[in-house]
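Peer 1: From the two separate chains plus the hints, produce the assembled complex.
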Amino acid sequence: MDVVVLVKRVPDTETKVRVAADGKSVDPSGVQWIMAPYDEIAVEKALQLRDAAGGGAVTVVSAGPAETSKELRTALAMGADKALLLVAPQGAGDAAATAKALADGLKGVPFDLVLCGKQATDDDDAAVGPMVAAHLGVPCVAFVTSIEVAGRTATVKREIDGEVEVLEVDLPAVLTAQKGLAEPRLPGLKGIMAAKKKPLEERPLAAAPSPTETRALSLPPGRAACVKVPATAEGARQLLKALREERGVL
Amino acid sequence: MAPFEAPDFYAIDDLLSEEERLTRDTVRSWVTDRFMPLIEEAYREGRFPRALIPEMGELGVLGGNLDYGDFPRMSSVAYGLVMQELERGDSGLRSFVSVQGALVMYPIWRYGSDEQKARWLPAMHAGKAVGCFGLTEPDHGSDPGGMETKAVRDGSGFVLNGAKMWITNGDLCDVAVVWGKLDGVVRGFLVERGTKGFSTREQKRKHSLRASVTSELVLQDVHLPASAMLPLAQGLGGPLSCLTQARYGIAWGVVGSAMAVYDEVRTYGATRVQFGKPIAGFQLYQAKLATMLTEITKAQLMNLRLGRLKDAGKMTPQQVSMAKRNACHWALEIARIGRDMLGANGITDEYQTMRHMCNLESVKTYEGTHDIHTLILGHAITGLDAFR
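Residue numbers (the numbering used here), protein chains in the order written: chain A, 2 to 251; chain B, 8 to 395.
FYI, nobody ran anything at the bench for these hints, they're computed from the structure. Just so you know, these numbers come straight off a predicted model, no measurement behind them. All C-beta atoms, glycine included, are put in the ideal place defined by N, C-alpha and C. Watch out, some of these pointers could steer you wrong.
A short, non-exhaustive set of chain A residues, derived as facing chain B with CB atoms under 7 Å [said to hold, decoys possible]: (1) GLU15; (2) ARG74; (3) ALA78; (4) LEU187; (5) PRO188; (6) GLY189; (7) LEU190; (8) LYS191; (9) ILE193; (10) MET194; (11) LYS197.
Computed list of lysine-lysine pairs in DSS-like fashion (alpha-carbon distance at most 30 Å, straight line) [what the hints assert, rightly or not]: (12) A:LYS71 x B:LYS305; (13) A:LYS197 x B:LYS321; (14) B:LYS321 x A:LYS198; (15) A:LYS191 x B:LYS135; (16) B:LYS295 x A:LYS17; (17) B:LYS284 x A:LYS17; (18) B:LYS305 x B:LYS295; (19) A:LYS83 x A:LYS180; (20) A:LYS191 x B:LYS124; (21) A:LYS198 x B:LYS124; (22) B:LYS135 x A:LYS197.
So here's chain B without its partners, still in its complex pose (with noise of 0.2 Å):
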């Protein structure tokens, strides 16, 4: 495979810290030698290459944008970078990431006791633990505030009944951030894997993000002890505020899927020859190339905007939405134009855009889709709200 070169039309690069730029190469660096060698297999076999668990807790990227303990405590923009350049190796690493930092570690460390915090988060962000974040159910997808996983009061502790679906991790985990009405309000619960009545169970046949865990959560009679419920985190609000930060790594992401699709292509269309001269030298296939570049620059300056933002701590959840929704629908559609390009060869797994094209159909739709963001922003525009 040639190089990853990653296309930066605008110079973007001067925009950013020294660190930013050297957390982004050294990530750069780690994917193309540690995790490029390894995913073609992976993917075919429906695996998530957990053997690099540890190394990316060496590496630090786990949750090394909180501000605890050592942590590295990078910028919103280094972590974006983190997350683009884990993406362009394929969106099952960057989503193992996402909801390790984002969905889980995110809510013990906000909402969390400081018990909580000293048993969880040193562990996850070395890697030596993995957690999961249990919010959809098979019947509340686009509407989780109608879950139907209940808590009741038992004694001083709890019993948490309910099942969960499509919960990245889910088989990989040793604790479950599972949300769940009690008296009628949303509350968040730690479960620990082996505790009775909790179980999982993979996800298998899927046509995208195949080197991805993805599972059912079942909590049948579970008791908790009043330890494991995250003290901070009433209503909604919790889980949606989790949504914010991993929405904010996803619109991130899935520029990386572009930039080694848009990399895969033009490298293609100058080497592959027909009627006589390499296909980049047609116009329509120019025409493809100018329109992933563009779109892909934009997308790339629209994060960096929302990562300084988000330091400045001005950030809204509908500026994020309107950035995942933007990247997701051009990163799909610059990976679908890519496959196009790659003529019969981008069929096989020798090339990388066809992976990318179906994995981006569930990052697409995962973490609100395409149209609910749509109506987010259309609530934030006109003050309507479409979907109550």
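Here chain A stands alone, though its shape is the one from the complex (with noise of 0.2 Å):
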């Protein structure tokens, strides 16, 4: 069983994040980058699938700067078979435009399955799977904990407020991977070796347009000064006030 995987390349989810002076991106310096979490999930699940089926191989395929190599070396060393990178400045294009560029660096790979984590950490736009799938022309289940494959059809679950629905897709198909679908392995260093010796094909993007633009990115503001009350009736009303006139809860 083909299947390819879509990874990002995301700050570390523990990574203070600071805006760039242009104020419309991330600092890059002190960020420790990672395989998006989401991601990680799926390129296990992907092994998973390939070595119950017997046979295949998974391709890990991620558009992003140079660097992104080290992702997708991770990738290579977890078990993936082989990696396509397409080069592309770090931020560049939008969910939109990276969907059109993986669907056409895609082009010629065979896969049966697609997958991909549900959001990346850093945008957490959750968009760039299905839009992948419409490109493609297949189907997309996004948010999936769990997939069965038999012959062209994929049996997958997936959470919905306390219910679990399950749905069968015709194959190929896109599927994007929430938690609980996988736990992902460390790399051992058997095969982080074994990674330096596997292919990983760099080509430039093919640039799409991105119909959405950055204007300005902002950190949250820090949290406002606490406002004490006494315990008494008379703290009781302030609270109630505050709540109702300055704060408009309830």
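Peer 2: And the structure:
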């Protein structure tokens, strides 16, 4: 079974993000970069599906700066078979442009299934997976927590408000990974050394137009000073007044 | 606990290969996720978290630098980074891996027969067998050449008698590499657990390396077949070559301890408020941080250069002595200074600095004390041997 996994290089979720001088991008200095955690889950699931099928290849594909080779190498170390990097400057292109570029990049790459994280942890768009499916003209199920493949059909589950929805989808398809789909493995040292010899192809990304533009980026405001009221009936009245009139929450 | 942020003031990262960085990051994640939640309790209770041994086997860190079978064959720098990351967790963890890889698998790999290699190396690499290294004796520490453990010929095999002390992994071991004299020449023997006359006894009541097993080995009329001897090791050079490997790992490892301490006190100073401002804003606090970061950076650079020399086949034991001596000295100093900086809070095991400090007393002492390495360097500089 051939599986393509789309991955994105994002700042480590523990990184303290700073806005760059241009006011609309993230300052890359001091940022630790990682594979987006949901994409990592997708890689793990792809490896499991390939191994369960007893054959096929897992190809990891990313659009991003040249340094993304590190994240792709991580996926190869986990056990993916080959990698394709569509090289573009950091932050170039919005979700629509990225989806178009990825779909174009997949031309000639055989696949039964395309997996990716449900969303990247930087912009949280949750849009690239479904858009890639649209460009490829294949069905898409987002936020899946289980995948079972039988022949040319996949049975997938997703959780909705405490219920589990079970869907059948024809392959090829795009599925986006929700937490719980798989527990990503750590790449062992053997995998890391083997990854060195696996093919990692780099191609310049064929830019597509971005219908959206980032105008400004700002950090959320710091927490306002705490207002204290005495624990008396009068205090309770003050609190009620503040909640009603100043904050408008009641 | 705040996430670990490793100091890299001189952007040494740029000098590492992609697989070296990946190796380091993998082990760092493993230590954070799997080891850190266990260490304080294990340390308090004085036990090694042995449940993690198979996981380390799966990671491939056990003897993973050796050129054997399908081992990962990582570079010496990658191996050093593994040691650094393990000791960022605890010196006991790194000690386990050092002994397994550098002191047991290495001599079997370098001096053993094909049968010995096939029997032990894959199992030890997978974490399915544990080894220990018996060189030090109760009366022979810095002077291993004076060892009293003795082998005599007995038919086609040998009879071994003696006692070893301060043996890391002793009570955990499936096999011990025991060094003893046969006809006055130091030879290595593989003594398996269960061999009649071979016993181990754990040395308890330690103030240091509490999450590591330290034992005495007793060998009383231990009958061994001829196949138990390492055929290619003759003389003290055999065990000393193992020590060079292990000391190399220690030089890297203790920098991990120092990095853990530095990261902890840096974070602490930024949030601990006294006299109306974070204590990191005071000059005396800053001076300590500046010294720590400088010494960490120097040791990181020394280690990297040493690793590149090792991969090029140019590293000398004297260079290893310098790195081990300097790194251990500064790691312990940094831990002592760090403990001061944490004030009363640093006494409890909510903070790891004091644990590292206590561990580093052992690490500075074992595998050649600070003073012995000083004399090795003195010999290298002057050509005059101070201990003979």
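Peer 1: Give a verdict on every hint.
Peer 2: Now the hints, each set against the structure:
no.	hint	in the structure
1	GLU15	holds (5 Å)
2	ARG74	holds (6 Å)
3	ALA78	holds (6 Å)
4	LEU187	holds (5 Å)
5	PRO188	holds (6 Å)
6	GLY189	holds (5 Å)
7	LEU190	holds (3 Å)
8	LYS191	holds (4 Å)
9	ILE193	holds (5 Å)
10	MET194	holds (4 Å)
11	LYS197	holds (6 Å)
12	A:LYS71 x B:LYS305	holds (27 Å)
13	A:LYS197 x B:LYS321	holds (25 Å)
14	B:LYS321 x A:LYS198	holds (27 Å)
15	A:LYS191 x B:LYS135	holds (17 Å)
16	B:LYS295 x A:LYS17	holds (25 Å)
17	B:LYS284 x A:LYS17	holds (22 Å)
18	B:LYS305 x B:LYS295	holds (16 Å)
19	A:LYS83 x A:LYS180	holds (24 Å)
20	A:LYS191 x B:LYS124	holds (19 Å)
21	A:LYS198 x B:LYS124	holds (27 Å)
22	B:LYS135 x A:LYS197	holds (27 Å)
Of the numbered hints listed earlier, not one is contradicted by the structure.
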